[in-house]
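Visitor: Quick note, the sequences are listed as chains D and C, same order.
The working numbering puts the first sequence at residues 1 to 528.
The working numbering puts the second sequence at residues 1 to 446.
In short, the hints are calculated from the structure, not lab data.
One or more hints might be untrue.
Claimed, not checked - When the alpha-carbon atoms are kept at most 30 Å apart in a straight line, the in silico DSSO-like pairs for lysine-lysine are as follows: (1) K154/C / K209/D; (2) K68/D / K283/C; (3) K55/D / K437/C; (4) K229/D / K182/D; (5) K115/D / K61/C; (6) K68/D / K225/C; (7) K187/D / K320/C; (8) K209/D / K320/C; (9) K55/D / K401/C; (10) K401/C / K61/C; (11) K149/D / K53/C; (12) K443/C / K56/D; (13) K55/D / K353/C; (14) K61/C / K149/D; (15) K182/D / K154/C; (16) K55/D / K443/C; (17) K56/D / K353/C; (18) K187/D / K154/C; (19) K437/C / K56/D; (20) K200/C / K209/D; (21) K320/C / K229/D; (22) K320/C / K182/D; (23) K68/D / K353/C.
Said to hold, decoys possible - Restraint ranges, calculated between C-beta atoms of paired labels, are given here: (24) E180/D / H87/C: 47 to 57 Å; (25) R317/C / P232/D: 28 to 38 Å; (26) L31/D / N367/C: 54 to 64 Å; (27) T24/D / M1/C: 40 to 50 Å; (28) G199/C / D95/D: 53 to 63 Å; (29) S58/D / A196/C: 32 to 42 Å; (30) D25/C / E462/D: 18 to 28 Å.
Where a beta carbon is used, it is the ideal one built from N, C-alpha and C, also for glycine.
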Amino acid sequence: MMLNNQGRPTRPNTSEQDNSATNTFTGNKALELETPLIFEQGVPGRLGVDMTEPKKVSSRLGNTARSKPIGLPDLSEPQVLRHFVRLSRQNYSIDSGFYPLGSCTMKHNPRINEKVARLAGLGDLHPMQPVSTVQGALELIDDLAHWLKTITGMPAVAMSPAAGAHGELCGVMAIRAAHEAKGEARKRILVPESAHGTNPATAALCGYKVESVPAREDGRMDLEAFSEKLGPDVAGVMLTNPNTCGLFENDVKKIADMVHEVGAYFYCDGANLNAILGRVRPGDLGVDAMHINLHKTFSTPHGGGGPGSGPVVLSEALAAFAPIPFVTHGENGFDLVEHVEGEASNSFGRMKAYHGQMGMFIRALAYMQSHGADGLRQIAEDAVLNANYIRVGLNDMLHSPFDGICMHEALFDDSSLKDTGVTTLDLAKAMIDEGYHPMTMYFPLVVHGAMLIEPTESESRETLDQFIGAMRYLLNKARDGEATYFAQAPHFAPRRRLDETGAARNPILRWTPEEDDPQSDRTLSAAS
Amino acid sequence: MRYMPHTADERAIMLQEIGVGSVDDLFVDIPAEARLTGLLDLPLHASEMDVEKNFRTLAGKNLSPYSAPCFLGAGAYQHHVPSVADHLIQRSEFLTAYTPYQPEISQGTLQALFEFQTQVALITGMEVANASMYDGATSCAESVLMACRVTRRKKAILSGNLHPHYRDVTRTTLQFTEFEATELSPTLEGQEDFEAHIGKDIACVVVQNPDFFGRVQDFTDLAEKCHDAGALLVVVVNEIVSLGAMMSPGEMGADIVAGEGQSIGVPLSFGGPYVGLLATRQKYVRQMPGRLCGETVDQDGQRGFVLTLSTREQHIRREKATSNICTNAGLCSLAFTVHMSLLGETGFTNLAKINHSEAAATAELLNALEGVEVINDTFFNEFTLRLSANASDVVEKLAAKGILGGVPVSRLLPDAEVDNLLLVAVTETCAADDIEKLVSALKEIL
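With these hints in hand, go ahead and build the complete structure from the sequences.
Guide: So, in C-alpha cells, the structure goes:
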C-alpha cells in the first residue's frame, strides 16, 4: 500500500481488508468509482489545453524570471474530465434529492438562470469597460435594485457586498458611520442568543462590544431583558426575522420603536427573507438595514459553499452612508459612482473590487422575473405551508421546543431520543443512508440537540410524505434499541464516518510529494 | 410557477392536515397593521421564453469583449476558459450542493477544495492555502488583519502601487478596528521607500507584484528587512498567470500571499464573482481566515476529506472569531482547479510565456507610435502608456471604433495627475489582427 508522508494510504485500501469477497482490485465498485488526487495522476508533458508557441522576444521580467518548477501534474483533457465527473458523483446536491438544511434555504436552482448568466454581452463583460459600452449591465443592476427595494419596502440598496456576512458588515458599518456623522461614539450592539455566528463576529469587526439577549420561553427575544440592556450607548440591534428558531418575532415593531427611541438603528439579518416575500415588507416593520442572501432567497446556486451575494437594503437614515460603487441614472443614460466624493461623500468606503457579484445578480433577477409579484408571494406561502406540514407530520414523534405555527422551517429537539443511545448526529447520519441530506443539527444553539428542517417551496407533497415516513421509521428504530445501527451510520455513503478530531489535531491541508517517489506506482494509480 | 409543485387542491388538503382554515392563518405572527393584502408593485410572472428575451435585450446593449479586441486589465483579465471547466462547474452535483458540512456525502467538493489548496500553495510558493475568499481585494484586507493578529502589532504599510480598489477595501475594513494603515503614494518611477516606515510597531508591508502599473520586482530584500523588524511581508498577486513565468512570492520570502484567481477558469463577469486566494506559512495557519479542508480517514481507514480547524471561525468563537467570513467562492475555486488541472505544469508555464511575449511585442509596437510612450521597463502582460492626449477620451474614441483599448489610470486614481496614462493588458486572447487594429486606431486618434 502506498503511504503519503503523513503515513496515510494514498488510495482506498478496501482491497486489503479481510472481507475480500466484497472487494475489487481497483477499489471501484461498479458505478461507485474512486479517483486519486489530481497530483497522483498524469505524466509530465501531457497537455490538457492546446497552445501556440510563444513569440521569441527579450524578457521584460527583469531579475524575477522563474527558475524552479512548480510541481503541477500534466494530464490530458479526458483524464481531467473523468477525474472531476467522478468527484461530482461523491456529492449530494439539491438536484440529487431533498436537502432540508434549515437556515440555508436549499431550493430549486433553475437552469434558465445559468443560461442567461452566460450570454455574450453579460457573462463576459470587463468591469472597467467604458461606461458607454455597458449600459445594459448597469440597467440590469438598476432593475435588480428596484425589485429588492420594492420587495423590502426600503428606499435604498447597496449592491456590492459579496455574501451574507459581508452584507452584515456593510449594514453595521453604515450604522457606525451614521453615529460617527452625528458625533456619537456608541459602544454596544445587542444580538439575540439565537443569532447566526457571523452577527457577533461582524459587530466585533466594527469595533463594537457584543451583548447577548436571551430568548423567552416561546422562542422569541426576551423584551424585558432587551429593554434592560438598551441605553444611549447602544449603537444598534441585530435581529434575525423570521428568527433562527423558525419563528416570526411578533414584537418586531415594538423592538424597532424601542431601538429608535434610544437613537440606535435596527439591523435585520435577512437570511430568512423567503418566508415573508410579498406578505410583509421589512421597511414597514421599522428595519434600518437588512442584507439579502441572493443565493438563498433568490435561488442562485450555492456551488458547494459559494459564491454568494449579499445586497443590503437601507433606510433613509442610513442611505447616505452606503458603500461605493452605485448606479445612477441621468440624461445620458446610466452612470457609475465609483469614488467617495460628490454625492457619495458620506459613503463609508468600498467593500469589494469592482461593482458586486454580477453573475449572481443576473441569476437572481431571472428568478424574480420568472415569479413576478404573484409568484414571490406564492413562494412564501408554499415555503411556510411545507414547513408546517412537516412540523405536524412529525410532532407526535419529535418534540418541538416551541408551540404553534412555524415559518419556513420546523424546529425540533433531541428530547425524544433520550435514553435510546442515539444522538442527533447519529440520526442525521442514518438519514444519509435513507437518501436524504440531513437537516441542520445543533443550531440554533439555544435549543439542546436542535434539528432544524427547512423544506422550501420547491418540494412536492410526495417528497414531504416520503421524508416524514423515513423520519418516523428511523425514530421507531431508535426507540426499538437499535443504537448500534445508528452509531455505524452512514453505511452506504462513499465514505463512512470521518475522523474530524484527527483532522484538526494533525492538520494535513495539502498534498505533498512523496519523498521516495516510485514512478511506476504513480502511473498505475493514474491508469484509470 | 413551474418551480412550485403544489396544486390548489393539494394546498387545501395540506392546510387541513396542519389544522388551519386558510394560508393567512400561517402568517398570524406578523403584526396585522404591517401585513400586505395586495400584490407588490412589480410585474407578474413571466415564461422562460420571455425571461430569456429580456436578458438578450439587456445583453444587446453592451459591447462584449469577445466581439471586440480587448486590452483591458487593471486586476481583471480576459483569458480563454476551456469548455471543460465551465461544463464541470455546471454538473448538478457541484453546482447545487451546499457547504460540505456532511463530509460523508460531500467528498467531491472536499477533495476538489483540497486540490485547490494544494495548487494555490504550489503556485504561490507557500506552505498552505485556504479554500478561497470572496475576491482579491477582500483577501488583501483579510491578510492585513491576519498579519496584525500574528505579530500583535497594529500598523500596516500599503504600497502606493497596490491596486486602488484593494487599498480602498483594506482602508474600509480597518476603519473601525484598532488597526491602521499607512498608505504610500503611487509612484511611476523608481522604488518605494518602505524602509523609512518599517519600525517595531509595523505588522506588515503590503506590496503588489506585478504592481498596478504592471512593473515586476524582486522583493527578496524587502522581505528580509521586514523580518529583521519582526514584520510580515504580504504580496498581492492579481494576475495569477504571471506566476507561471515569475519567481513565486514564497521564493522571495513572503509570509502571506493575497491573490485574485479570476484569470484561471473564471469569466470576467463584470467584476464578480471572482476567487480570492490566500496562502501563508504553516506556522500561521491558525490565524488564517476562511475555510480549510483537511485530509483524514474514515472509520474503515479510507482516505477522506473534511472541513477543519473551524475553532477559529465565527460559528465557534462568535465575537472572538478570526474573521466574520462565512461563505467562500467554492464554485469559482472549482473552476480554477479544473482549468489549472487542464493546464498542468507544461500548460501553465507556457500560457505565462505566451502572455509575456505577446505583451512585450505589443509594447514595442505601441512605443514606436508618435504620442505613445511605454513607461515601465519591466512588466508581465500589462504595462502603462503615457499618451499625448487624455486617456479617457482616447478610450472613448477607441470604443466608438469597437476596440476596448485599455483602462485609463484616472478611472481608478482620480486624485493623482494621471490623465494621460493608460493601462494596456495583452493576453493570449489578443490575436495578431486585434493588436494591428489597436495600433492603427491609436495612430489615427493621436
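Visitor: Each hint: holds or not?
Guide: Hint check results:
Pair hint K154/C plus K209/D holds up; C-alpha atoms about 19 Å apart against a cutoff of 30 Å. Between the alpha carbons of K68/D and K283/C the distance comes to roughly 24 Å, so the proposed pair stays at or under 30 Å and holds. Between K55/D and K437/C, the direct Cα distance comes to roughly 19 Å. Compliance with the 30 Å bound is thereby established for this hinted pair. Between K229/D and K182/D, the direct Cα distance comes to roughly 22 Å. Compliance with the 30 Å bound is thereby established for this hinted pair.
For the hint pairing K115/D with K61/C, the CA-to-CA distance comes to about 18 Å; that is within 30 Å, so the pair holds. With a C-alpha separation of about 24 Å, the suggested pairing of K68/D with K225/C holds against the 30 Å cut-off. As the CA atoms of K187/D and K320/C are separated by approximately 16 Å, the hinted pair is consistent with the 30 Å bound. At most 30 Å may separate the alpha-carbon atoms for a hinted pair to count; K209/D and K320/C meet this at roughly 11 Å.
Under the criterion of a C-alpha separation no larger than 30 Å, the hint pairing K55/D with K401/C is consistent with the structure, at around 28 Å. At most 30 Å may separate the alpha-carbon atoms for a hinted pair to count; K401/C and K61/C meet this at roughly 16 Å. For the hint pairing K149/D with K53/C, the CA-to-CA distance comes to about 24 Å; that is within 30 Å, so the pair holds. Between K443/C and K56/D the alpha-carbon distance is near 25 Å, which keeps this suggested pair within the 30 Å criterion.
Restraint check for K55/D and K353/C: the C-alpha separation of about 8 Å stays at or below 30 Å, so the hint holds. With a C-alpha separation of about 24 Å, the suggested pairing of K61/C with K149/D holds against the 30 Å cut-off. For the hint pairing K182/D with K154/C, the CA-to-CA distance comes to about 27 Å; that is within 30 Å, so the pair holds. At most 30 Å may separate the alpha-carbon atoms for a hinted pair to count; K55/D and K443/C meet this at roughly 24 Å.
A C-alpha spacing of about 10 Å is found between K56/D and K353/C, which places the hinted pair at or below 30 Å, so the restraint holds. Restraint check: the Cα-Cα separation between K187/D and K154/C comes to about 20 Å, which is no more than 30 Å; the hinted pair holds. At roughly 22 Å between alpha-carbon atoms, K437/C and K56/D fall within 30 Å of each other, so this suggested pair holds. At roughly 29 Å between alpha-carbon atoms, K200/C and K209/D fall within 30 Å of each other, so this suggested pair holds.
For the hint linking K320/C to K229/D, the alpha-carbon distance of about 21 Å falls within 30 Å, and the restraint holds. Between the alpha carbons of K320/C and K182/D the distance comes to roughly 28 Å, so the proposed pair stays at or under 30 Å and holds. Using a Cα cut-off of 30 Å, the hinted pair K68/D and K353/C holds, with the two alpha carbons roughly 15 Å apart. Between E180/D and H87/C the C-beta distance comes to about 49 Å, which sits within the given range of 47 to 57 Å.
Range check, R317/C to P232/D: about 29 Å between beta-carbon atoms, so the 28 to 38 Å window is met. Between L31/D and N367/C the beta carbons are some 59 Å apart, a value that agrees with the proposed interval 54 to 64 Å. Taking the beta carbon of each, T24/D and M1/C are about 47 Å apart, inside 40 to 50 Å as hinted. At roughly 56 Å, the beta-carbon separation of G199/C and D95/D lies within the given 53 to 63 Å, and the hint holds.
At roughly 34 Å, the beta-carbon separation of S58/D and A196/C lies within the given 32 to 42 Å, and the hint holds. A C-beta distance of roughly 24 Å is found between D25/C and E462/D, which places it inside the suggested range of 18 to 28 Å.
Figure legend: structure checked against the earlier numbered hints; every hint is met.
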